[in-house]
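Number of protein chains: 2
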Amino acid sequence: MVLFFIGLGLADEKDITVKGLEAVKRCSRIYLEAYTSILLVQKEKLEKFYGKEVIVADREMVESQVDAILHDADKEDVGFLVVGDPFGATTHTDLQLRAKALHIPVRVIHNASIMNAVGTCGLQLYRYGEAVSIVYFTDSWRPDSFYPRILANRQRGLHTLCLLDIKVREPSLESLARGRKVYEPARYMTVNTAIEQLLEIEQDQKQGAYGPGTLCVGVARIGSDTQQIVAGTMAELAEIDFGPPLHSLIIAGETHVIEEEMLAQYRCQPSDRS
Amino acid sequence: MVLFFIGLGLADEKDITVKGLEAVKRCSRIYLEAYTSILLVQKEKLEKFYGKEVIVADREMVESQVDAILHDADKEDVGFLVVGDPFGATTHTDLQLRAKALHIPVRVIHNASIMNAVGTCGLQLYRYGEAVSIVYFTDSWRPDSFYPRILANRQRGLHTLCLLDIKVREPSLESLARGRKVYEPARYMTVNTAIEQLLEIEQDQKQGAYGPGTLCVGVARIGSDTQQIVAGTMAELAEIDFGPPLHSLIIAGETHVIEEEMLAQYRCQPSDRS
Numbered sequence: 001m002v003l004f005f006i007g008l009g010l011a012d013e014k015d016i017t018v019k020g021l022e023a024v025k026r027c028s029r030i031y032l033e034a035y036t037s038i039l040l041v042q043k044e045k046l047e048k049f050y051g052k053e054v055i056v057a058d059r060e061m062v063e064s065q066v067d068a069i070l071h072d073a074d075k076e077d078v079g080f081l082v083v084g085d086p087f088g089a090t091t092h093t094d095l096q097l098r099a100k101a102l103h104i105p106v107r108v109i110h111n112a113s114i115m116n117a118v119g120t121c122g123l124q125l126y127r128y129g130e131a132v133s134i135v136y137f138t139d140s141w142r143p144d145s146f147y148p149r150i151l152a153n154r155q156r157g158l159h160t161l162c163l164l165d166i167k168v169r170e171p172s173l174e175s176l177a178r179g180r181k182v183y184e185p186a187r188y189m190t191v192n193t194a195i196e197q198l199l200e201i202e203q204d205q206k207q208g209a210y211g212p213g214t215l216c217v218g219v220a221r222i223g224s225d226t227q228q229i230v231a232g233t234m235a236e237l238a239e240i241d242f243g244p245p246l247h248s249l250i251i252a253g254e255t256h257v258i259e260e261e262m263l264a265q266y267r268c269q270p271s272d273r274s
Numbered sequence: 275m276v277l278f279f280i281g282l283g284l285a286d287e288k289d290i291t292v293k294g295l296e297a298v299k300r301c302s303r304i305y306l307e308a309y310t311s312i313l314l315v316q317k318e319k320l321e322k323f324y325g326k327e328v329i330v331a332d333r334e335m336v337e338s339q340v341d342a343i344l345h346d347a348d349k350e351d352v353g354f355l356v357v358g359d360p361f362g363a364t365t366h367t368d369l370q371l372r373a374k375a376l377h378i379p380v381r382v383i384h385n386a387s388i389m390n391a392v393g394t395c396g397l398q399l400y401r402y403g404e405a406v407s408i409v410y411f412t413d414s415w416r417p418d419s420f421y422p423r424i425l426a427n428r429q430r431g432l433h434t435l436c437l438l439d440i441k442v443r444e445p446s447l448e449s450l451a452r453g454r455k456v457y458e459p460a461r462y463m464t465v466n467t468a469i470e471q472l473l474e475i476e477q478d479q480k481q482g483a484y485g486p487g488t489l490c491v492g493v494a495r496i497g498s499d500t501q502q503i504v505a506g507t508m509a510e511l512a513e514i515d516f517g518p519p520l521h522s523l524i525i526a527g528e529t530h531v532i533e534e535e536m537l538a539q540y541r542c543q544p545s546d547r548s
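Protein sequence lines correspond, in order, to chains A and B.
Residue numbering for the first sequence follows the working numbering, starting at 1 and increasing by one per position.
Residue numbering for the second sequence follows the working numbering, starting at 275 and increasing by one per position.
Do not rely on the hints blindly, as some may be mistaken.
What the hints assert, rightly or not - Straight line, CA to CA, 30 angstroms or less: simulated DSS-like cross-link-like pairs of lysine-lysine: (1) B:K288 / A:K48; (2) B:K349 / A:K14; (3) B:K299 / A:K25; (4) B:K288 / A:K25; (5) B:K299 / A:K45; (6) B:K288 / A:K52; (7) B:K374 / A:K14; (8) A:K14 / B:K299; (9) A:K45 / B:K288; (10) B:K326 / A:K14; (11) B:K288 / A:K14; (12) A:K25 / B:K319; (13) B:K349 / B:K374; (14) B:K317 / A:K14; (15) B:K374 / B:K317; (16) A:K48 / B:K322; (17) B:K288 / B:K299; (18) A:K25 / B:K317; (19) B:K299 / A:K43; (20) A:K48 / A:K25; (21) B:K319 / A:K14; (22) A:K25 / B:K322; (23) B:K319 / B:K441; (24) B:K288 / A:K43; (25) B:K288 / A:K100.
By construction, these hints were calculated from the structure, which means they are not laboratory data.
Keep in mind the model is a prediction, meaning the values are calculated, not measured.
Chain A with its partners taken away, still in its complex shape (with noise of 0.2 angstroms):
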């Protein structure tokens, strides 16, 4: 009857909203998706929260199986849960499309995502330039597309919210060439990573975007109790220990008076470094 994309915000079971929650009820498949970001509980918690069960769809499965997914959704209500906001990320616009296409309904309910939420780090949503994804470098591929727009924010005095890469369940490159495929251990970026990257394309490409002394903020596990908010320079960051997933950076543009009250109570001291 109806496609259901739920949000599941970002940290734990309880997170999901009350329309959320009636939803799944309703539903008699639902499908978890599990590679664009993670929730910070696993899939049995959620399971015994909903009292039903769980399927993990991961990449291969959204994108190779979107018929299985949508087989009888004419007929019954079938979930799809998405950590953070449903459209925070654009691979499943693919499933909305071809739901459509079957004429079957599809509501969207809708949750915090790290592009809202980060607001909670006391630089104001509205003063962000164009977002950015910092992926893993590897030993011959390290892509630099952040660097202008990071750039072009700053010289326009704009905040920059990096999301930094995730890598769950990916079959290895070598494993592809050998034709069976093998999957690497799930990683997670972090800021220290993040920051490591960031600099090391600011040496090769000298044009100033940022540096070692530029004010940036970190956030591990926002909306969870073991959250954490540290601001500093690049260089102090890099020494700070943000623990568990998932981590993102802001690269701070021109600050307001406001904004660095709200700072000051996250700078970190000598003792936050590991």
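Position chain B relative to chain A; hints supplied.
Leaving out everything else, chain B in the frame of chain A:
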């Protein structure tokens, strides 16, 4: 014990998160911030759903009666409800800083806001530049600080989210001049008024930031059952009736194939016109 900032999400009483609702149930006093945004349901519906009284806090109250709001918050839980996400607006920063100065623990419960839910229209969130506010013109004041920002976004091919003015329980300028406050009726800017003002400013500035033929998306009541999303040129959208508040407008930058596929389902038809 704790001052909770609780995001209510976008549309109705069931958009609160399970975690947020649990916090509401713990609180001795509940304030509803009612001037930077509005929920699409009445206070009484919230009270019935929560099983307790909700105190509406207008701008004057939040700005002048912080002590009353924080009274005894070191001994009992107090909740401050905000439509959308608590830090979508800058308005609550002061309350948070005051609580911290009094050593009252602050806890934030996030939710969807227009800043991330707008992703549902099909233009991808990471391709938005700086957001702008469009405020009502008066006879003597036509604020146009949005113009260079939209221009800069468009020059970089980025989309611009335009947040439209809300006037709730604000004393009229005339009454302030007479020394006795009279409150004006609430007003919520429509997509139509926003486009009219935007085009007026383009005529003054003539830098080609946008024009009647620029692709835009008008959205109304996002997250509710009556949600409306229409894509079209500024000239086309100026003629569409988007119905009751709240409205927002997105000025598209360069669009990618997948964005165009998403927008195609929302393209305005002649029958949409009022």
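Consistency of the hints with the structure:
As the CA atoms of K288 of chain B and K48 of chain A are separated by approximately 21 angstroms, the hinted pair is consistent with the 30 angstroms bound. Taking the CA atoms of K349 of chain B and K14 of chain A, the gap is about 25 angstroms. The hint holds against a cut of 30 angstroms. A C-alpha spacing of about 22 angstroms is found between K299 of chain B and K25 of chain A, which places the hinted pair at or below 30 angstroms, so the restraint holds. With a C-alpha separation of about 14 angstroms, the suggested pair K288 of chain B and K25 of chain A falls inside the 30 angstroms cut-off, and the hint holds.
Straight-line distance between C-alpha atoms of K299 of chain B and K45 of chain A comes to about 23 angstroms, which keeps the hinted pair within the 30 angstroms bound. Only pairs whose Cα atoms come within 30 angstroms are accepted, and K288 of chain B paired with K52 of chain A is accepted, the gap being roughly 21 angstroms. With a C-alpha separation of about 26 angstroms, the suggested pairing of K374 of chain B with K14 of chain A holds against the 30 angstroms cut-off. Taken as a hint, the K14 of chain A and K299 of chain B pair is honoured in the structure, with Cα atoms around 14 angstroms apart against an allowance of 30 angstroms.
With a C-alpha separation of about 22 angstroms, the suggested pairing of K45 of chain A with K288 of chain B holds against the 30 angstroms cut-off. With a C-alpha separation of about 21 angstroms, the suggested pairing of K326 of chain B with K14 of chain A holds against the 30 angstroms cut-off. A C-alpha spacing of about 14 angstroms is found between K288 of chain B and K14 of chain A, which places the hinted pair at or below 30 angstroms, so the restraint holds. For the suggested pair K25 of chain A and K319 of chain B, the alpha carbons sit about 23 angstroms apart, so the restraint of at most 30 angstroms is met.
Annotation: proposed proximity of K349 of chain B to K374 of chain B holds, straight-line Cα distance about 15 angstroms (limit 30 angstroms). Restraint check: the Cα-Cα separation between K317 of chain B and K14 of chain A comes to about 24 angstroms, which is no more than 30 angstroms; the hinted pair holds. Pair hint K374 of chain B plus K317 of chain B holds up; C-alpha atoms about 28 angstroms apart against a cutoff of 30 angstroms. Restraint check: the Cα-Cα separation between K48 of chain A and K322 of chain B comes to about 28 angstroms, which is no more than 30 angstroms; the hinted pair holds.
Between K288 of chain B and K299 of chain B the CA atoms are separated by roughly 14 angstroms; this keeps the pair inside 30 angstroms, and the hint holds. For the proposed pair K25 of chain A and K317 of chain B, the alpha carbon gap of about 27 angstroms is at most 30 angstroms, so the pair holds. With a C-alpha separation of about 27 angstroms, the suggested pairing of K299 of chain B with K43 of chain A holds against the 30 angstroms cut-off. Our distance criterion of 30 angstroms between C-alpha atoms is met by K48 of chain A and K25 of chain A, whose separation comes to about 12 angstroms.
The hinted pair formed by K319 of chain B and K14 of chain A meets the criterion: a straight-line CA distance of about 22 angstroms does not exceed 30 angstroms. Under the criterion of a C-alpha separation no larger than 30 angstroms, the hint pairing K25 of chain A with K322 of chain B is consistent with the structure, at around 23 angstroms. Distance restraint check for K319 of chain B and K441 of chain B: the Cα-Cα separation of roughly 22 angstroms lies within the 30 angstroms cut-off, and the hinted pair is therefore satisfied. Pair hint K288 of chain B plus K43 of chain A holds up; C-alpha atoms about 24 angstroms apart against a cutoff of 30 angstroms.
A hinted pair counts as satisfied when its Cα atoms are at most 30 angstroms apart, and K288 of chain B with K100 of chain A qualifies at roughly 26 angstroms.
Checked against the numbered hints above, the structure breaks none of them.
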